[in-house]
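Please take these sequences and the hints and turn them into a complete structure.
There are 2 protein chains.
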Amino acid sequence: MAKTSDGMNFAPKGKPNPVVGKGEFVFAAIALDHGHIYGMCNGLIEAGGTLKSVYDPDPKKLDVFIEKFPGTIRARSEEEILSDKEITLVAGAAVTSERCALGLRVMSAGKDYFTDKAPLTTLEQLDAAKAKARETGKKYMVYYSERLHVESAVFAGQLIAEGAIGRVIQVLGTGPHRLGAAGRPDWFFIKEKYGGILCDIGSHQIEQFLFYAGVKDARVAYSQIANFNHPEYPELDDFGDATLVGDNGATQYFRVDWFTPDGLQMWGDGRSFILGTEGFIEQRKYMNIGQKGSGGGHVYLANQYEETYYNVNGKVGYPFFGQLILDCLNRTENAMTQEHAFKAAELCVKAQIQAVKIK
Amino acid sequence: MAKTSDGMNFAPKGKPNPVVGKGEFVFAAIALDHGHIYGMCNGLIEAGGTLKSVYDPDPKKLDVFIEKFPGTIRARSEEEILSDKEITLVAGAAVTSERCALGLRVMSAGKDYFTDKAPLTTLEQLDAAKAKARETGKKYMVYYSERLHVESAVFAGQLIAEGAIGRVIQVLGTGPHRLGAAGRPDWFFIKEKYGGILCDIGSHQIEQFLFYAGVKDARVAYSQIANFNHPEYPELDDFGDATLVGDNGATQYFRVDWFTPDGLQMWGDGRSFILGTEGFIEQRKYMNIGQKGSGGGHVYLANQYEETYYNVNGKVGYPFFGQLILDCLNRTENAMTQEHAFKAAELCVKAQIQAVKIK
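These protein sequence lines map, in sequence, to chains A and B. Just so you know, we're using the numbering used here here: the first sequence kicks off at 997 and counts up by one. Just so you know, we're using the numbering used here here: the second sequence kicks off at 997 and counts up by one.
Derived from the structure by calculation, the hints contain no laboratory data. Mixed in with the good hints, there may be bad ones.
For identical chains, the list gives no copy identity; a pair is met inside one copy or between any two copies.
Straight-line C-alpha distance at most 20 angstroms; calculated DMTMM-like pairs for lysine to aspartate or glutamate [what the hints assert, rightly or not]: (1) Lys1189 x Asp1054; (2) Lys1353 x Asp1213; (3) Lys1288 x Glu1302; (4) Lys1311 x Asp1243; (5) Lys1018 x Glu1042; (6) Lys1288 x Glu1074; (7) Lys1355 x Glu1274; (8) Lys1355 x Asp1243; (9) Lys1353 x Asp1243; (10) Lys1011 x Glu1335; (11) Lys1048 x Glu1231; (12) Lys1056 x Asp1182; (13) Lys1189 x Asp1123.
Remember, predicted model here, so these are calculated numbers, not experimental data.
Written as C-alpha cells, this is what we have:
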C-alpha cells in the first residue's frame, strides 16, 4: 500500500501565534501510539507552549519524535515527567483503551491532560475521569482534530456564531478514512483497544454536532456498524453510522468508514453539511474532489441572501491551542468546557454500545 | 417568494429518441395536480409516445396543459379517456392520496398506469394496487424522477453496473427542496393528502437505494420527521430522514427537507453519495454549489485507479421512457419491475409510519 493512511502523518501547520512567552507554559508528551501526537504538540508550540520532555516505552518512537522536535528531553520514565514541577500539561496519544488510565495518573500528579481522541473507550473510564477531574480540579481535554485542527471547521463555527444560517437543525458529516492496514499497529484491529469505529473516528463527528448545534446533551437514536469487506480483520468495524437527537431538537447523522480508495488524492474526502433554518454550510475539509492538488479549507455557504465559496486555507488558523494554554494558566474554559469534552466522549461510547451489527 | 419551487416547472428536456413511430403508442393524461405531469409527458413524447387527450376537472389546469402540448384533445370526462380503446397508458399526477384510486380505475379499464411519485400513501392502497395488478396484468409504474429523469443518476447506475466502485455498501442521499409555499396548493400542507415528507420526497431516495444497491427488500431501521420552522403549516414535515438496511446488507441514509434558502441558484442542491467496496460516486444532480449557472449532471468517481469528474449534462439522456413504452407494448419489465415500484412505495410508507417526531 503506497498511499499513506491518516494518523501516521497528521500534523497540520498553522501560523505561529503565541499567547505566552518562552517558558511560560511548559508541557511534555507521554505515549506516542498514534501520530496525532505530532499535531497536538505542533498546535501547542505554535501557540507559544514549550515542549520540555517526552516519554514512551518504545525507543524507536522516541527517536522519531525527538528528530521531529529537537531539543526535547528524552525522559527515562513516565514518573520523571509526572514529578517535574515545571510541567503544566501532559499531551498523550496512547492506545485508545489506555488513554483514561494515563489521564488519571497525569491529573493525580497535579497536571492538566490533553489526550488524542477518542479520549476513552468505556463508561466506567468516563466515570473515573469525571471523578478525577472533580477531585483534582485538573483538565481532561481532548484533541478532536477534525474540528479543532481544520480551518474550514473553525470558519464554519464562526459563520454559525454570526447567524449566517439561522438556527442549526442538522449536522450531517462523513468521515471516510484510508485504511492503509500495512502501516497500522496491531492494536488498531483489536476492538477492546481501539474502541470500535463509532467511538474512534465517530468521536470527531459527535463533538462537531454538540459544538455546531449548541447541544448540551443528546440521545443516540440509532447506530449501526459493519465489517463489509475486511474478513482478515474480524474485529475491525470498516463502516459505522449513527443518528443523534439533541436536547434542543437539533439532529445529527454521521457516517464513518475505512473505504477511501487508493485513487483518491487524499486519505479521506471528509465533508460536513450543516443545515440551518436560514441556510446551510458545506465543508470539504481536506480536498475538493475532481481538482488535483486542491488542498483543504473549502467552505460553501448558501443562505437567504447569497451562495458563496470561501477558500480559508491558511487564513483562519487554529485558535483552540492558544485558548487551551490560557485556560490552563487562568483556569478558564474558553477553548472547550470539561462538560463538552466528556459529553462527546459519553455519546461516542454509547453509540458504539448501542450499535446494531448489520454485517 | 420570487424563487420558483420545484414541481411547478420540473420538466427536463432530453434528446428525442423515439422507440416507436407516430401513433404506435398512444397515451393520455388524467389529473394535473402536480407539475411533474409535464416531465412525465415530455419523457414519453421524446421516446415516441403520442399524447392524445387530457382530462382534469379544473379548466384552468387544462388550459395550461394544452398550451404546453398543442393538439391534445380536451376530454370532457375521465370516462372519455378510460373508454378510448386507442389509449394504451394513462399518465397521472393526482393529489398523492388519490393516485392509487385513479390507478385502480385506469387498470380496470384495461390500460397501464404511470403515476407521479409517491405512487400511494397507505399500505391499504398498496394492497389494492397489488391486487389490481395481479387481476388485470396491467402496470402501475411510477415516475421516480430524481433517478429516472436526472442524467447524473442514470450515469451513476451505468458506472455501478460496470463495476466501477465494486459492491455497493451504502447509498447516502440528500434531497433538499425549496418550499415556495405561496405557489403550493392547499393539499400540499395536509398530511393525509401529501402523505408526509418521507413518503413524498423520500420515495425518490428509497427507490434509488433499491436500484443502486441491488436490494430486493429492506427494513426501515430508523426514521424521524420534524417541523422545525413552519408553525403556520402544522401538518408539514419540513424535515425527515431515515436509515434503511437492505436484504443484502447494504444500507441507506437519506435526508429530505424544505429548507433550500432563497440565495441558492437552484430549488435544491440534491446530492447522492454511493459508497462501494472499491470506490465511491458523488452526484451533484442539479447544480454545483459556488459555480453560478453550473447546471446539473456533475458526477465524481473515485476508485482504486482514478479520481475523475464527469459532466454528463445532455450526454446520457433518459432511457427509462423508451423502455417503458416497449415494456407496455411487449409486456416486459426492462424499465422497472412492478415488484421494484411497489417495494419502494411500501418502504416509503413504512418509513413515514414508523417515524419518530422529534420537533
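Tell me, please, which holds for Lys1048 and Glu1231 at an alpha-carbon limit of 20 angstroms: within, between, both or neither?
-> neither (38 angstroms within a copy, 62 angstroms between copies)
When no copy is named, should Lys1288 and Glu1302 be tagged within, between, both, or neither for a Cα gap of at most 20 angstroms?
-> between (27 angstroms within a copy, 11 angstroms between copies)
How would you label the pair Lys1353, Asp1243 (within, between, both, or neither) given a Cα cut-off of 20 angstroms?
-> Between copies only: 14 angstroms across chains, 27 angstroms inside a chain, cut-off 20 angstroms.
Within, between, both or neither, where Lys1189 and Asp1054 count as close if Cα-Cα is 20 angstroms or less = within (18 angstroms within a copy, 67 angstroms between copies)
Is the C-alpha distance from Lys1355 to Glu1274 at most 20 angstroms within one copy, between copies, in both cases, or in neither?
-> between (39 angstroms within a copy, 17 angstroms between copies)
When no copy is specified for Lys1056 and Asp1182, does a C-alpha distance of 20 angstroms or less occur within a copy, between copies, both, or neither?
-> within (16 angstroms within a copy, 71 angstroms between copies)
Lys1189 and Asp1123: within-copy, between-copy, both or neither at 20 angstroms Cα | Within one copy only: 18 angstroms inside a chain, 50 angstroms across chains, cut-off 20 angstroms.
If the cutoff is 20 angstroms on CA atoms, where do Lys1288 and Glu1074 land: within, between, both or neither? Let me know, please.
-> Neither, since 44 angstroms and 57 angstroms both go past 20 angstroms.
Under a CA distance limit of 20 angstroms, which applies to Lys1353 and Asp1213: within one copy, between copies, both, or neither?
-> So Lys1353 and Asp1213 pass the 20 angstroms test across copies only (18 angstroms; inside, 25 angstroms).
Check Lys1311 against Asp1243 for me: Cα-Cα at most 20 angstroms, and say if that holds within a copy, between copies, both or neither.
-> Neither: 34 angstroms inside a copy, 47 angstroms across copies.
Intra- versus inter-copy proximity for Glu1042 and Lys1018 (alpha-carbon distance at most 20 angstroms) = within (11 angstroms within a copy, 74 angstroms between copies)
At 20 angstroms max between alpha carbons, let me know whether Lys1011 reaches Glu1335 within a copy, between copies, both or neither.
-> Neither way: Lys1011 and Glu1335 sit 29 angstroms apart in one copy and 59 angstroms across, limit 20 angstroms.
Comparing the model with each earlier hint shows violations of hints 4, 6, 10, 11; every other hint is respected.
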